[in-house]
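Quick note on this note's numbering: the sequence shown kicks off at 2 and runs consecutively.
Source of the hints: derived by calculation from the structure; they are not laboratory data. Check each hint, because a few of them may be wrong.
[What the hints assert, rightly or not] Calculated cross-link-like contacts (lysine-lysine; reagent style DSS-like; alpha-carbon spacing at most 25 Å):
#1 111 <-> 137
#2 183 <-> 137
#3 137 <-> 69
#4 69 <-> 190
#5 195 <-> 137
#6 103 <-> 137
#7 103 <-> 163
#8 195 <-> 103
#9 183 <-> 135
#10 163 <-> 137
#11 69 <-> 163
#12 103 <-> 183
#13 135 <-> 111
#14 183 <-> 111
#15 135 <-> 195
#16 135 <-> 189
[Unchecked claim] Label-pair ranges, simulated between beta-carbon atoms:
#17 38 <-> 113: 29 to 37 Å
#18 78 <-> 187: 40 to 48 Å
#19 185 <-> 79: 43 to 51 Å
#20 66 <-> 201: 28 to 36 Å
#21 79 <-> 134: 26 to 34 Å
#22 212 <-> 50: 45 to 53 Å
#23 44 <-> 185: 18 to 26 Å
#24 175 <-> 88: 22 to 30 Å
C-beta: ideal position from N, C-alpha, C; glycine also.
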Amino acid sequence: MAEHEQVKPLAPAAFQTRSDDEEALSTELNLKKRKYIQCCGCITALLLIQAVVILVLFFTVFRIHDPKIRMNSVTIQRLELLPNGSLRIDVNVTLLADVSVKNPNVATFKFNNSTTLVYYGGRVVGEGIHLQGKAKARRTLRRNVTVEILPEELLAVPSLTKDIASGAFNISSYTRISGRVKILNIIKKNVVVKFNCSMTYRLSGGEFHGETCRPELDL
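Work out the full structure, taking the sequences as your base and the hints as a guide.
Below you can see the structure in the form of C-alpha cells.
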C-alpha cells in the first residue's frame, strides 16, 4: 500500500515569492490611494473654510460703510450793521464751520478738494474750499472750513431788509466731499458724501440756532 501512495509536489519557491510581492504592492497602492483621497479631502475642506471666511469678512469687516460728516459749530465774523440798520458792505462777512469727518471703515478714507456752498434767499452767497485730506481707519478727522460771504450777494436778496428788521436770517449750506476707500488693494470704492444743513442766525446774540443737517451718500 505504501508503495502506491503518491506524494504531491511542492509549489516552486519563485511562485510564492512573486505572490507575496504582488500582495505587498497591492497593499501599498491601497495605502497611497487612501492617503491621496484624505489629502484631497483636507485641501478641499481648507479651501471651503477659506472661502467662507473671505465671504464673512467681505460682508462684515471689509464692507464699505458710510463716512459721516458732522457740523459741530458755525460762527459768523464781521457781520456789521450801519446806524440806519442797513448792512455794511465794505467788508466781507466770514462764516467759520467746524466740521468732522468720521470714517467707520477698516481702511483710510482719502478725499479730494471739496466745496461748501452757503445759500441765503435761494442764492449762493458764499463758497468755501475743503483741502484734500485723509480720515484714518475708524478715526474722526476734524477741521475748520472758512466761507467768504459776499455782501453784494446778500444785498441782492429781496428779503434782506425784512430779515434784518426781524433780527434773524435763514441760511442753508451744501457740502460735497468725494474720495475713495481702498482695502488691501483689492476692494476699492469711490465715495461721494453730500451734506445739507439749514440754520437760523440771530442778530441779537450773534449765534446760529436750530441747525438741521441731512447727509446723503453715493457709492
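task = Decide if the proposed pair is consistent with the structure: residue 137 and residue 69, CA atoms, cutoff 25 Å inclusive.
result = Between residue 137 and residue 69 the Cα gap is close to 13 Å, so the pair holds against 25 Å.
ask   = Taking 18 to 26 Å as the hint, is the beta-carbon distance of residue 44 and residue 185 inside that range?
value = Between residue 44 and residue 185, where Cβ atoms are some 24 Å apart, the hint holds.
query = Does residue 195 pair with residue 103 here, judged by a C-alpha cut-off of 25 Å?
reply = It holds: about 14 Å lies between the C-alpha atoms, which stays within 25 Å.
message = If I claimed the Cβ atoms of residue 66 and residue 201 lie 28 to 36 Å apart, would that claim hold in this structure?
response = With Cβ atoms ~32 Å apart, the hint holds.
request  = Assess, step by step, whether the Cα of residue 195 is no farther than 25 Å from the Cα of residue 137, and give holds or violated.
outcome  = The given pair, whose Cα atoms are some 20 Å apart, holds under the 25 Å limit.
query = Is it true that the C-beta distance of residue 212 to residue 50 lies inside 45 to 53 Å, as the hint says?
reply = holds, 50 Å
message = Check the hint pairing residue 163 with residue 137 against an upper bound of 25 Å on the C-alpha distance.
response = Outside the cut-off at roughly 46 Å; violated.
query = Holds or violated: are the alpha carbons of residue 103 and residue 183 at most 25 Å from each other?
reply = Roughly 16 Å separates the two Cα atoms, so the pair holds.
ask   = Quick one, are residue 135 and residue 195 close enough, alpha carbons at most 25 Å?
value = holds, 17 Å
key: Hint consistency between residue 69 and residue 190 [alpha-carbon to alpha-carbon, up to 25 Å]   = Roughly 16 Å separates the two Cα atoms, so the pair holds.
ask   = Quick one, are residue 69 and residue 163 close enough, alpha carbons at most 25 Å?
value = violated, 36 Å
query = Within 43 to 51 Å or not, the Cβ separation of residue 185 and residue 79?
reply = Holds: the Cβ-Cβ distance is about 48 Å, inside 43 to 51 Å.
Of the numbered hints given earlier, the model fails hints 7, 10, 11, 17; all others are met.
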